[in-house]
Amino acid sequence: MKTHKDLKVWQNSIQLVKRIYQTTSKFPPSEQYGLTSQLKRASVSISSNIAEGAGRHSKKEFVHFLYISSGSLSEMETQLIIAYELNFIDITELESIQGSINEIRSQLFGLIKSLNS
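Using the numbering used here, you'd call the opening residue of the sequence shown number 1 and step up by one each time.
Mixed in with the good hints, there may be bad ones.
Derived SDA-like pairs (lysine to any residue); straight-line CA-CA distance at most 20 angstroms [stated by the list, open to error]:
hint, residue 1, residue 2
1, 8, 90
2, 26, 5
3, 8, 67
4, 2, 59
5, 40, 112
6, 8, 57
7, 18, 32
8, 8, 81
9, 2, 60
10, 40, 56
11, 40, 2
12, 18, 44
13, 113, 71
14, 40, 75
15, 5, 96
16, 18, 112
17, 113, 26
18, 5, 75
19, 26, 96
20, 40, 113
21, 59, 18
22, 40, 57
23, 5, 61
24, 60, 102
25, 18, 115
26, 2, 98
27, 59, 93
28, 8, 70
29, 40, 63
30, 40, 61
31, 2, 92
32, 26, 115
33, 113, 63
34, 2, 115
35, 60, 48
Pair by pair, the computed Cβ-Cβ distance ranges are [what the hints assert, rightly or not]:
hint, residue 1, residue 2, range
36, 99, 55, 23 to 31 angstroms
37, 86, 59, 14 to 22 angstroms
38, 31, 100, 33 to 41 angstroms
39, 58, 95, 31 to 39 angstroms
40, 59, 92, 33 to 41 angstroms
To be clear, the hints were calculated from the coordinates, so they are not data collected in a lab. The structure presented is a predicted model; accordingly, all values stated were derived computationally and were not measured. Cβ atoms here follow ideal geometry from the backbone N, Cα and C, with glycine treated the same way.
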């Protein structure tokens with residue numbers, strides 16, 4: 001691995017950030033400092049923690065940061081369900097983003113497994 005930017009999971013998480021920013025731009029203005037902000041921060045945290053862990057040059061620390069990324073992914077997933085329940089997004093949008101979440105989660109745990117073996 002050259003850098004974190006070479007990891008498919010990092011690349012996919014950057015695409016997810018873009019998707020979340022596009023999705024939250026349609027939320028009501030009253031949510032700017034609520035759910036919109038929370039979703040943006042959680043999505044950015046995923047790729048940021050992958051990058052930080054990769055930059056630590058220790059497998060143990062890298063795995064630790066990958067678990068943090070996984071936690072942020074779960075946090076974001078919960079917030080998207082809330083957005084759906086509040087009718088900020090429709091079921092099609094939720095399911096589409098959920099597909100990306102599932103792919104990234106699988107990649108994270110695959111990478112963790114690889115680093116631990």
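Each hint tested on the structure:
Between residue 8 and residue 90, the direct Cα distance comes to roughly 28 angstroms. Violation of the 20 angstroms bound is thereby established for this hinted pair. Restraint check for residue 26 and residue 5: the C-alpha separation of about 29 angstroms exceeds 20 angstroms, so the hint is violated. Of the pairs offered as hints, the one joining residue 8 and residue 67 holds, with about 17 angstroms between alpha carbons and a cut-off of 20 angstroms not exceeded. Pair hint residue 2 plus residue 59 holds up; C-alpha atoms about 15 angstroms apart against a cutoff of 20 angstroms.
The suggested pairing of residue 40 with residue 112 is violated, with an alpha-carbon distance near 24 angstroms, which exceeds 20 angstroms. Of the supplied pair hints, the one linking residue 8 and residue 57 holds, its CA atoms being roughly 18 angstroms apart against a limit of 20 angstroms. Taking the CA atoms of residue 18 and residue 32, the gap is about 17 angstroms. The hint holds against a cut of 20 angstroms. Between residue 8 and residue 81 the CA atoms are separated by roughly 26 angstroms; this puts the pair beyond 20 angstroms, and the hint is violated.
Of the supplied pair hints, the one linking residue 2 and residue 60 holds, its CA atoms being roughly 18 angstroms apart against a limit of 20 angstroms. Taking the CA atoms of residue 40 and residue 56, the gap is about 24 angstroms. The hint is violated against a cut of 20 angstroms. Between residue 40 and residue 2 the alpha-carbon distance is near 28 angstroms, which puts this suggested pair outside the 20 angstroms criterion. Pair hint residue 18 plus residue 44 holds up; C-alpha atoms about 9 angstroms apart against a cutoff of 20 angstroms.
For the given pair, residue 113 sits about 16 angstroms from residue 71 by alpha-carbon distance, which is consistent with the 20 angstroms threshold. Between residue 40 and residue 75, the direct Cα distance comes to roughly 11 angstroms. Compliance with the 20 angstroms bound is thereby established for this hinted pair. Proximity of residue 5 to residue 96 is assessed by CA-CA distance (about 24 angstroms); at most 20 angstroms being required, the pair is judged violated. For the suggested pair residue 18 and residue 112, the alpha carbons sit about 24 angstroms apart, so the restraint of at most 20 angstroms is broken.
Distance check on the hinted pair: residue 113 and residue 26 sit about 37 angstroms apart at the alpha-carbon level, beyond 20 angstroms; violated. A threshold of 20 angstroms between alpha carbons decides the hint, and for residue 5 with residue 75 the separation of about 23 angstroms lies outside it, so the pair is violated. At roughly 16 angstroms between alpha-carbon atoms, residue 26 and residue 96 fall within 20 angstroms of each other, so this suggested pair holds. For the proposed pair residue 40 and residue 113, the alpha carbon gap of about 28 angstroms is over 20 angstroms, so the pair is violated.
Between residue 59 and residue 18 the alpha-carbon distance is near 28 angstroms, which puts this suggested pair outside the 20 angstroms criterion. As the CA atoms of residue 40 and residue 57 are separated by approximately 27 angstroms, the hinted pair breaks the 20 angstroms bound. The straight-line distance between the Cα atoms of residue 5 and residue 61 is roughly 18 angstroms, inside the 20 angstroms bound, and the hint therefore holds. For the proposed pair residue 60 and residue 102, the alpha carbon gap of about 24 angstroms is over 20 angstroms, so the pair is violated.
Simply put, residue 18 and residue 115 have alpha-carbon atoms about 28 angstroms apart, too far for the 20 angstroms limit, and the pair is violated. A C-alpha spacing of about 29 angstroms is found between residue 2 and residue 98, which places the hinted pair above 20 angstroms, so the restraint is violated. With a C-alpha separation of about 36 angstroms, the suggested pairing of residue 59 with residue 93 is violated against the 20 angstroms cut-off. Between residue 8 and residue 70 the CA atoms are separated by roughly 15 angstroms; this keeps the pair inside 20 angstroms, and the hint holds.
Between residue 40 and residue 63, the direct Cα distance comes to roughly 23 angstroms. Violation of the 20 angstroms bound is thereby established for this hinted pair. Restraint check: the Cα-Cα separation between residue 40 and residue 61 comes to about 25 angstroms, which exceeds 20 angstroms; the hinted pair is violated. With a C-alpha separation of about 37 angstroms, the suggested pairing of residue 2 with residue 92 is violated against the 20 angstroms cut-off. Restraint check: the Cα-Cα separation between residue 26 and residue 115 comes to about 39 angstroms, which exceeds 20 angstroms; the hinted pair is violated.
For the hint pairing residue 113 with residue 63, the CA-to-CA distance comes to about 9 angstroms; that is within 20 angstroms, so the pair holds. Distance check on the hinted pair: residue 2 and residue 115 sit about 15 angstroms apart at the alpha-carbon level, within 20 angstroms; holds. Only pairs whose Cα atoms come within 20 angstroms are accepted, and residue 60 paired with residue 48 is accepted, the gap being roughly 17 angstroms. Checking the proposed 23 to 31 angstroms range against residue 99 and residue 55 shows it holds: the Cβ atoms sit about 29 angstroms from each other.
Between residue 86 and residue 59 the beta carbons are some 41 angstroms apart, a value that contradicts the proposed interval 14 to 22 angstroms. Here the CB-CB span from residue 31 to residue 100 is close to 21 angstroms, at odds with the stated 33 to 41 angstroms. Remark: the range hint 31 to 39 angstroms for residue 58 to residue 95 is upheld by a beta-carbon distance near 37 angstroms. Separated by about 40 angstroms at the C-beta atoms, residue 59 and residue 92 satisfy the suggested range of 33 to 41 angstroms.
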